[in-house]
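*Asks:* The primary structure of each chain is shown beneath.
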Amino acid sequence: AQSVTQPDIHITVSEGASLELRCNYSYGATPYLFWYVQSPGQGLQLLLKYFSGDTLVQGIKGFEAEFKRSQSSFNLRKPSVHWSDAAEYFCAVGIPGTNAGKSTFGDGTTLTVKP
Amino acid sequence: DAGVIQSPRHEVTEMGQEVTLRCKPISGHDYLFWYRQTMMRGLELLIYFNNNVPIDDSGMPEDRFSAKMPNASFSTLKIQPSEPRDSAVYFCASSRRTSGANRADTQYFGPGTRLTVL
Numbered sequence: 014a015q016s017v018t019q020p021d022i023h024i025t026v027s028e029g030a031s032l033e034l035r036c037n038y039s040y041g042a043t044p045y046l047f048w049y050v051q052s053p054g055q056g057l058q059l060l061l062k063y064f065s066g067d068t069l070v071q072g073i074k075g076f077e078a079e080f081k082r083s084q085s086s087f088n089l090r091k092p093s094v095h096w097s098d099a100a101e102y103f104c105a106v107g108i109p110g111t112n113a114g115k116s117t118f119g120d121g122t123t124l125t126v127k128p
Numbered sequence: 132d133a134g135v136i137q138s139p140r141h142e143v144t145e146m147g148q149e150v151t152l153r154c155k156p157i158s159g160h161d162y163l164f165w166y167r168q169t170m171m172r173g174l175e176l177l178i179y180f181n182n183n184v185p186i187d188d189s190g191m192p193e194d195r196f197s198a199k200m201p202n203a204s205f206s207t208l209k210i211q212p213s214e215p216r217d218s219a220v221y222f223c224a225s226s227r228r229t230s231g232a233n234r235a236d237t238q239y240f241g242p243g244t245r246l247t248v249l
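For the record, the sequence lines run as chains A and B. Position one of the first sequence corresponds to residue 14 (this note's numbering), numbered consecutively onward. Position one of the second sequence corresponds to residue 132 (this note's numbering), numbered consecutively onward.
Don't take each hint at face value.
Going by beta-carbon spacing under 7 Å, a handful of chain A positions derived as facing chain B [unchecked claim]:
#, residue
1, 21
2, 30
3, 53
4, 57
5, 59
6, 81
7, 118
Derived CB-CB ranges, DEER-like [stated by the list, open to error]:
#, chain 1, residue 1, chain 2, residue 2, range
8, B, 190, A, 82, 35 to 45 Å
9, A, 127, B, 172, 44 to 54 Å
10, A, 64, B, 153, 28 to 38 Å
Simulated from the structure, these hints should not be mistaken for lab results. Just so it is clear, the structure is predicted and the values come from calculations on it, not from any experiment. Even for Gly, the Cβ is constructed at its ideal location relative to N, Cα and C.
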C-alpha cells in the first residue's frame, strides 16, 4: 500500500524567510500528489496538486512544489513566509485503481512563523 | 457554491448517548469521505462512499460507528453508544472523479464537527 511521510513534525521560520516542507511517498509508480493547508479551527484546503506534466507546480498563496521522481518526493516551498502562513500542512497521495477515490494523508507539519 | 456543510459544528454529549453527525457534500461530487482528527492519532479516514455506496470502511474503529449515505446530497455518521475516547473533530469531505480519468480529484473539506463526550 502507498504511504506518505512528512519527516518534520514542527518547523519554525521567521517572517520573510524561505520555507521548505518535505514530503516523501512510497509507491511503485507516479501517484497523484497534493498539498493541503489547515488553519486553526478549519478544515483542510488544497494548496496545489500534481498529476502529470511539468514537475514544478504553482499553487495558491505563493506556494509551489516540485515532484522529484528519483527521490520520491514532493516538497512544498515558499520564497518568503508571511505570518498568516502559520498553519498545519498535509501532503497526500492518491493512486489509480480500485481505491482511486481516496487519498492517503501524511501526519502533517505544523508551521510556526516568528515575527 | 456553499461548500461542504456539516452539522452540528459542536456537540457535547455524555458517555453512552447516541451521536449523529451530518454532512451535505458539494453538488455534483460523487465521492464522500468521513475523517476523524485528534492530537494523538492525527487525521484518520473512517469511511468513504462513491455514488452513495460505501467503498472502504476499514477505518471505522468498531461496531459503535456506522455511516450512511441515503442519497447524493446527504450523509450521516452515527456513534452509538458514545465513549470519551470518541472525542475528536470529525470532518466530511467530498470530491469528484475527473472526467475520463481513473482517479478522484481535490477533496473539499467541511468545517468539521467538534465532538466532546463527557
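*Asks:* If you test the structure against every hint from before, which numbers come out violated?
*Replies:* 1, 2, 3, 6, 8, 9
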